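*Asks:* Mind docking these for me? Both chains are given alone in their own frames, and the hints should help you get the complex.
Line by line, the protein sequences are chains A and B.
All letters in the first sequence, in the order written, are residues 1 to 232 by this note's numbering.
All letters in the second sequence, in the order written, are residues 1 to 204 by this note's numbering.
No wet-lab data here; the hints were simulated from the structure.
Please note that the accuracy of each hint is not assured.
[Claimed, not checked] List time: in silico EDC-like cross-link candidates among lysine to aspartate or glutamate, alpha-carbon distance up to 20 Å:
hint	chain 1	residue 1	chain 2	residue 2
1	A	K28	B	D91
2	A	K20	B	D91
3	A	K20	B	D107
4	A	K28	B	E96
5	B	K4	A	D199
[What the hints assert, rightly or not] Stretch-level coverage of chain A by chain B, calculated; a stretch enters the list once three of its residues show a Cβ under 8 Å from a Cβ in chain B:
hint	stretch
6	7-15
7	81-90
8	143-151
9	174-186
Please read these numbers as outputs of a predicted model, since none were measured by experiment.
All residues carry an ideal CB built from backbone N, CA and C; glycine is no exception.
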Amino acid sequence: MTDNQPEMPGLGRGMMAVAKRDLFLAWKRPGDVLNPLFFFAMVATLFPLAVGPSAEQLEFSGPGVLWVAALLAMLLSLNSLFVSDFEDGSLEQMLVSPVPLAALSLGKTIAHWLTSGLPLVIVAPILGMTFRMPASVMGVLMLTLLLGTISLSLLGSIGAALTVGLHRGTALLSLLILPLAMPLLIFGARTVSLAAAGDVVAGGLYFLAAYAVLIVSLAPFAIAAALRISNE
Amino acid sequence: MTAKLTADSLTLFRGERCLFENLSFALNPGELLLLEGCNGSGKTSLIRAIAGLIELESGEIYWDEQPVRRQRQVFNNELVWMAHRVGFKADLSLVENLRFESALRRDSRHDLDDILTRLNINRLKRLPVRSLSAGQQRRVALARMLMSAATLWMMDEPVTNLDREGRSLVMTLVSEHLARGGMVIMAAHQDIQIDFPVHTIQLQ
Chain A
1 MTDNQPEMPG LGRGMMAVAK RDLFLAWKRP GDVLNPLFFF AMVATLFPLA VGPSAEQLEF
61 SGPGVLWVAA LLAMLLSLNS LFVSDFEDGS LEQMLVSPVP LAALSLGKTI AHWLTSGLPL
121 VIVAPILGMT FRMPASVMGV LMLTLLLGTI SLSLLGSIGA ALTVGLHRGT ALLSLLILPL
181 AMPLLIFGAR TVSLAAAGDV VAGGLYFLAA YAVLIVSLAP FAIAAALRIS NE
Chain B
1 MTAKLTADSL TLFRGERCLF ENLSFALNPG ELLLLEGCNG SGKTSLIRAI AGLIELESGE
61 IYWDEQPVRR QRQVFNNELV WMAHRVGFKA DLSLVENLRF ESALRRDSRH DLDDILTRLN
121 INRLKRLPVR SLSAGQQRRV ALARMLMSAA TLWMMDEPVT NLDREGRSLV MTLVSEHLAR
181 GGMVIMAAHQ DIQIDFPVHT IQLQ
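Pulled out of the complex, with its shape left as it was, chain B reads as follows (with noise of 0.2 Å):
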């Protein structure tokens, strides 16, 4: 068990029915998850438990060779997660949210303009998050990862609402994420072009 992340026969039940049984995966610095599965198959379940959202029915999950449950904060310091609810609040404009995120976590110190810019979303900056459409917030999320520094990026199903250039984006990030070492799990249904290794899992 050298991995940085590695999860030992994770087991998961929602009511009756069983998710997954006995899974189990490790991933390295450079590396990406990839959670496959129709819709209902526990994806975002999945990934819901990995970050520590959902307690898991037994099994455990490892984060440099430590259980993760032991050291919550040191593991949260490491992963910045993004899910179908952006968690913005509509009444703030991007940059007032992305101010307060960054007291939330670990800071890359990264400007926030270039990286507005890079997402191409620097012109509604002054604009509650409430007139965003659905994929311009999802570019909001996007900018949240960037500005954090933190190694494990969590995306469950992250080009929903995005157009085609956003979707090129956001593999684009992921690959220079993993290229500065960083790790990314996605849970993702729609075919998404990916060109280089990962590691899939595939949910019944």
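With the rest of the complex left out, here is chain A (with noise of 0.2 Å):
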């Protein structure tokens, strides 16, 4: 590389603009971003309806029934994440831009954690009650939904990157990346199960943080290869 070379826009500035656009866009229509949260609120507020006032069933099935709420509400937010870049033709604009694909879809992919992942963090204190599950569980069910939270954003951004380009890409996607989203599930709600029962929950905590790392650090690039493909 020569020192004539003209400068090239950076790489942090590309990838918080087009964070800033999504939350922006996001601000503008908030019916899309409350649907999962309302959805996760829904949930887990009508099971233990269902099932019952039992103290002793809802203490057992709380971690469970959250976790698998929270997974579904992801999935939910997940399929509009790319379609609409890729029908107005900006994906396209971001595919030639110079900053890299990887960090313009990590900018998108952290859009979509505060506003689906987040919400549903914040929320989860206040659903875990109708569960009766202690302030002290609380916290570590937080812990693991943050981390759980950010995996399944990323995550699920390579599925919805490579189902962008074929119209009822649901299912597709759900079976994408179900797969990979088992572990956190499992270990996601085994180690709120184990904080409720007073046991050390440091494994599972350390195998989700784990997890987010390398997601975190492997996605980006998957989900630009992804794009790419799709948008030919």
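*Replies:* So, in structure tokens, the structure goes:
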């Protein structure tokens, strides 16, 4: 590379611009963002009504139900992640941008997590109350969901990027990412159960953290490659 | 091989059909390459392939005598793309859209207001892009080109949806860009008035 090379737009600047734009768009259309959160809240409040008021049963099933509801809520929000960009052509503009596509994809995923993952983490304690979850367990629940939703956002983005060119890729998207999301569900729900039983939870949290680190470092490149294929 | 942009025996298949085979061209600063052909002849595929949006079957594109696929970012930094789909967010105003875009590519540091006045869309700048007509949206896409400092303009059917005055505006902007030492690749099937020298590729 020679010195007279014209300067390129910054990596971080491009990533933040995409994240900011998507957050701004979400702000303008709050309905799309609130959908997954609403779904999460509905499942978690209807379930106790269906199984009955037995405290023992609720305490037993709480972690599993909350985790399944969170996983499905995340899936629900993933479908539309790249669709509008694909349809209005802004995805193409990102593909021909000198900012690496992996950085731009990470920016999109950050915005997606902030609008769909983080709200779930924040309302989780309130929903935990309907399952008679003690305050000490709620901290663990929030922590597992925090790590889990980060992984799910990135994992799901890979699936969304692969299926963006297909119409009604919903079923395919779920099929693609559910097997990879299983460990998150198993370790996430189990860790919360262990916390409720007063056991050591560090192992499960370490696993979720390791999974998140792995996926944060690898997923952006997979998303970028998938978007290039989908846009051909 | 001394030209700025060179294509060497490009071949592209779509399904079973061969769109073009062993296509070569060279383009220098100040030159316009016009891709002509009827509907479905592969103009858009060719221009997308040059932009790197479609994988070529065989052949190589060189920028500054280096293969483009080895220096994708350098090439992308020199290129601005205008396609059928304008690539703006319908919910955002055109200023918000263009602000965002300026983070994606090298900025020409021209004043945005001057550009919008020139394109006759200054009075629309607070409206969401959704409420603009198709022709007005094409004008916003032109604003994107003027805002970037890229050398190579790639335009797929730039005059679609534009009125007579808009069409002549496109040609004026193109000739100004060429006079600055820029390069333009344009796919067009309509008869457009061009009064400067061009390279033409006719696709069957």
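*Asks:* Please go over all the hints and tell whether each is borne out by the structure.
*Replies:* Taking the hints in turn, this is what the structure says about them:
Using a Cα cut-off of 20 Å, the hinted pair K28 of chain A and D91 of chain B holds, with the two alpha carbons roughly 7 Å apart. Note on K20 of chain A and D91 of chain B: the hinted pairing holds, with a Cα-Cα distance of about 14 Å set against a maximum of 20 Å. Only pairs whose Cα atoms come within 20 Å are accepted, and K20 of chain A paired with D107 of chain B is accepted, the gap being roughly 19 Å. Our distance criterion of 20 Å between C-alpha atoms is met by K28 of chain A and E96 of chain B, whose separation comes to about 13 Å.
For a cut-off of 20 Å, the pair hint linking K4 of chain B to D199 of chain A is broken: about 67 Å separates their Cα positions. Residues of the stretch 7-15 of chain A lying with their CB closer than 8 Å to a CB of chain B number 5, which satisfies the three-residue condition for coverage. For the stretch 81-90 of chain A, the assignment as covered by chain B holds, since 5 residues bring a beta-carbon within under 8 Å of that chain's beta-carbons and 3 suffice. With 0 residues carrying a beta carbon less than 8 Å from a beta carbon of chain B, the stretch 143-151 of chain A misses the three-residue requirement, and the given coverage is violated.
Interface restraint, the stretch 174-186 of chain A with chain B: violated (0 residues with C-beta to C-beta distance below 8 Å; minimum three).
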